[in-house]
Amino acid sequence: MKRVCLYLPPFSGDYSGVCSALFDLGGMICIHDAAGCTGNYTHFDEPRWYGSDSRVFCTGLRKLDAVLGDDEHIIRRIISAAGQTNPRFIAIVGSPVPNVIGFDFKGVARAITKRTGIPCFGFATAGIRGSYKDGIVMAVRDVTEGLAGTRATSSVPGVVNILGASPLDTAPEIFDALVGALRADGFDVRRKTNSYGSLDQILYPQEAEISLAFNQAGFELARLFEARYGTPYLAGFPVGATEAWLSSIREVIRSGKSRVFRTRGAAKGARDQPDGGEKTGSPDGMPRACIIGDGLAGSAFADFLSRRGYACDVYTIFGTSAGMQEFCDGYLHHEDAILEKISEPYDLFVADPLILERIRAGRACRKISAPVHAVSSRAHMHESWQMTSEAEWDRRLNTAAADK
Amino acid sequence: MIRIAIYGKGGIGKSTTTSNLAAALATRFRVMQIGCDPKADSTRDLMGGKRTTTVLGAIREKGDDVCLEDLVSVGENGVLCVESGGPTPGIGCAGLGIISAFQKLEELGAFDVYRPDVVLYDVLGDVVCGGFAMPIRDGYAEHIFIVTSGEMMSLFAADNICRAVENFADRGYARVRGLILNARNVDNERELTERFAREHNLPIIHMIPRSELVQEAEDAGRTVVGMFPDSSLAAAYRDLADQMIQIAQGGGDQP
Chain A
35 MKRVCLYLPP
45 FSGDYSGVCS
55 ALFDLGGMIC
65 IHDAAGCTGN
75 YTHFDEPRWY
85 GSDSRVFCTG
95 LRKLDAVLGD
105 DEHIIRRIIS
115 AAGQTNPRFI
125 AIVGSPVPNV
135 IGFDFKGVAR
145 AITKRTGIPC
155 FGFATAGIRG
165 SYKDGIVMAV
175 RDVTEGLAGT
185 RATSSVPGVV
195 NILGASPLDT
205 APEIFDALVG
215 ALRADGFDVR
225 RKTNSYGSLD
235 QILYPQEAEI
245 SLAFNQAGFE
255 LARLFEARYG
265 TPYLAGFPVG
275 ATEAWLSSIR
285 EVIRSGKSRV
295 FRTRGAAKGA
305 RDQPDGGEKT
315 GSPDGMPRAC
325 IIGDGLAGSA
335 FADFLSRRGY
345 ACDVYTIFGT
355 SAGMQEFCDG
365 YLHHEDAILE
375 KISEPYDLFV
385 ADPLILERIR
395 AGRACRKISA
405 PVHAVSSRAH
415 MHESWQMTSE
425 AEWDRRLNTA
435 AADK
Chain B
4 MIRIAIYGKG
14 GIGKSTTTSN
24 LAAALATRFR
34 VMQIGCDPKA
44 DSTRDLMGGK
54 RTTTVLGAIR
64 EKGDDVCLED
74 LVSVGENGVL
84 CVESGGPTPG
94 IGCAGLGIIS
104 AFQKLEELGA
114 FDVYRPDVVL
124 YDVLGDVVCG
134 GFAMPIRDGY
144 AEHIFIVTSG
154 EMMSLFAADN
164 ICRAVENFAD
174 RGYARVRGLI
184 LNARNVDNER
194 ELTERFAREH
204 NLPIIHMIPR
214 SELVQEAEDA
224 GRTVVGMFPD
234 SSLAAAYRDL
244 ADQMIQIAQG
254 GGDQP
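Protein chains in written order, with the numbering used here: chain A, 35 to 438; chain B, 4 to 258.
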């Protein structure tokens, strides 16, 4: 019963991550589900899709299709839609019902590829295990493996690949600010206008001199791309400190050594208690901050807060990533763990507003709202702010102090 | 790694054949046998007549704490024995059970940890739904052998399996490589089976003669290969194993 959410919504699932990663790559996305559910995925989970002309289709799964396993009906519909839209690739994205009846996503994708000549990918997502993070990784991993070309055998100077970025955890103003800083410094960011990625990233991954990761999904993909294409990575983004970040990028390109971006070395965690006992303040008398959300984004916030004198703990709520201990203190894997964490005596909490709302009324602590679409969806998306700006953080720290 | 699925009509002797194959192959290879039947009795003859913990049973009992050691038992000749298990008869969904069991084994990296040379999937009866086709999907078995006798219902079931596999020809599924004739001593058994094989362009890999030794070994919770290694029946199983490996490695009769 620990997986039951009583107070918080279930976070965006793996299917949302697949949809988000593939949104602007020129493919045709087919969500294998009953019609009404696709509206949920496109309207609430992926903020860009609703009202856009992106090619997302619903297979319109019906009870009899499920009972009889009428895959041919689905295959014919997908092939028909592809004939009208001529996509660069097709993705079939799963939902709970097809998984329950054992729909063979990879087998059907292979059959469609064979019949149409269009590369087709099947993703057995169901929103049950993992989070959108896993969907992003799955989508980029498989599509890159299937489509990567051989135009270049070596990297092209100045080309950077931002991997795994998604509005599900990185709001457009944050992404735009980071891309703007990169371009102003002369880097070539493979990205279409107003989008988070481009098919070039997928087709020619070996052209990038460096992979950049802003979230855990990006971190996992950066490690994968390092293993697969030898591309070094820098994980994390700056809050202020843009020059230091750009300088770190150049250093990673020069040295070929991947790392996590920090301005202060390994940030001192609030958890670093000498006796491992009750946390009633940091050992150095520093105020203690708890950051809950994506682990890598949280690490960027922690880097800033540590410059303001906080001892920070960072907890992810979107699943573990191999190697995340470099930047994250743990995974809060169900609602109870989150509620327990926000009941601990921290001086400052940074989290999505739906999580902050669960902090007991009258509790003496500061709170900074950091909306994450994968948590609060449209409920708080208009409260997003420029989280890469030191001035914005300082203003909120001061406001939070006044509200304490 | 060679991955083979054994299909055939219920009660035709799939588990007996598979267990004897596993015991024969285990003298040369590291073998894992995965029973895909809610009854969970595929590996009984390799486990001294005892039932092992099933994958689904372990998941039910331990939830997320389940580990590979809970799911894999070592049987006769060192064969790694796994039973997918399934729901209580009359309720639940056996097909989904197999899917869930396979997903758990994959999640725990069973093949990476145990690194078997040969994996034998012993699959229940007909391919009645998506779950029972799971062992022949991309990433699982690559070769299918059908156990049949010359009885009409057994050949009928074999035909169903062939047609199911044919339906999935463009999905990259496993291919049927041949028939194993598990003799029941019915009239014209060899001729009937040969006619079926010709119609489906399949070889009869081997004929396993009917023998009381099977019953005797099963009563003792053993395989014929293990209990009567010098018998002609054990030799037949060993010959069959050799031929199947040869076919799986690209040699022998190819349909």
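Simulated from the structure, these hints should not be mistaken for lab results. Ideal Cβ placement from N, Cα and C applies to all residues, glycine included. Among these hints, one or two may not hold up.
Calculated pairs, DSSO-like style, for lysine-lysine (alpha carbon to alpha carbon, straight line, at most 27 Å) [to be verified]:
hint	chain 1	residue 1	chain 2	residue 2
1	B	K107	B	K42
2	B	K42	B	K65
3	B	K42	B	K53
4	A	K375	B	K53
5	A	K97	A	K140
6	A	K140	B	K107
Among chain A residues calculated to face chain B with C-beta under 8 Å, some are [to be verified]:
hint	residue
7	G103
8	I135
9	G136
10	G141
11	V142
12	A145
13	K148
14	I152
15	R293
16	R296
17	R298
18	E417
19	W419
So, going through the hints one by one against the coordinates:
Straight-line distance between C-alpha atoms of K107 (chain B) and K42 (chain B) comes to about 19 Å, which keeps the hinted pair within the 27 Å bound. Restraint check for K42 (chain B) and K65 (chain B): satisfied, since their Cα atoms lie roughly 20 Å apart, inside the 27 Å limit. Of the supplied pair hints, the one linking K42 (chain B) and K53 (chain B) holds, its CA atoms being roughly 13 Å apart against a limit of 27 Å. Our distance criterion of 27 Å between C-alpha atoms is broken by K375 (chain A) and K53 (chain B), whose separation comes to about 47 Å.
In summary, the hint linking K97 (chain A) to K140 (chain A) is supported, as the alpha carbons are separated by about 22 Å, within the 27 Å threshold. Among the hinted pairs, K140 (chain A) with K107 (chain B) is consistent with the structure: their alpha-carbon atoms are about 18 Å apart, no more than 27 Å. Among the interface hints, the one on G103 (chain A) holds; its C-beta lies about 6 Å from the nearest C-beta in chain B, closer than the 8 Å criterion. For I135 (chain A), the shortest C-beta to C-beta distance to chain B is roughly 6 Å, which falls under 8 Å, so the interface hint holds.
With its C-beta approaching chain B no nearer than about 3 Å, G136 (chain A) sits inside the 8 Å limit, and its interface hint holds. Interface restraint check for G141 (chain A): the shortest CB-CB distance to chain B comes to about 3 Å, inside 8 Å, so the restraint holds. Because the beta carbon of V142 (chain A) sits about 7 Å from the nearest beta carbon in chain B, less than 8 Å, this interface hint is met. Interface restraint check for A145 (chain A): the shortest CB-CB distance to chain B comes to about 4 Å, inside 8 Å, so the restraint holds.
At about 5 Å, the closest approach between the beta carbon of K148 (chain A) and any beta carbon in chain B falls short of 8 Å, and the interface hint on this residue holds. Hint status for I152 (chain A) relative to chain B: violated, with the closest Cβ pair at about 14 Å, above 8 Å. With a cut of 8 Å, the hint placing R293 (chain A) at the interface with chain B is violated, because the nearest CB-to-CB distance is about 28 Å. With 8 Å as the threshold, the beta carbon of R296 (chain A) stays out of range of chain B, its nearest partner Cβ sitting at about 33 Å, so the hint is violated.
For R298 (chain A), the shortest C-beta to C-beta distance to chain B is roughly 36 Å, which exceeds 8 Å, and the interface hint is violated. Because the smallest distance between the Cβ of E417 (chain A) and any Cβ of chain B comes to about 35 Å, over 8 Å, the interface hint for this residue is violated. Hint status for W419 (chain A): violated, given a least beta-carbon distance of 37 Å to chain B, over 8 Å.
Of the numbered hints listed earlier, those contradicted by the structure are 4, 14, 15, 16, 17, 18, 19.
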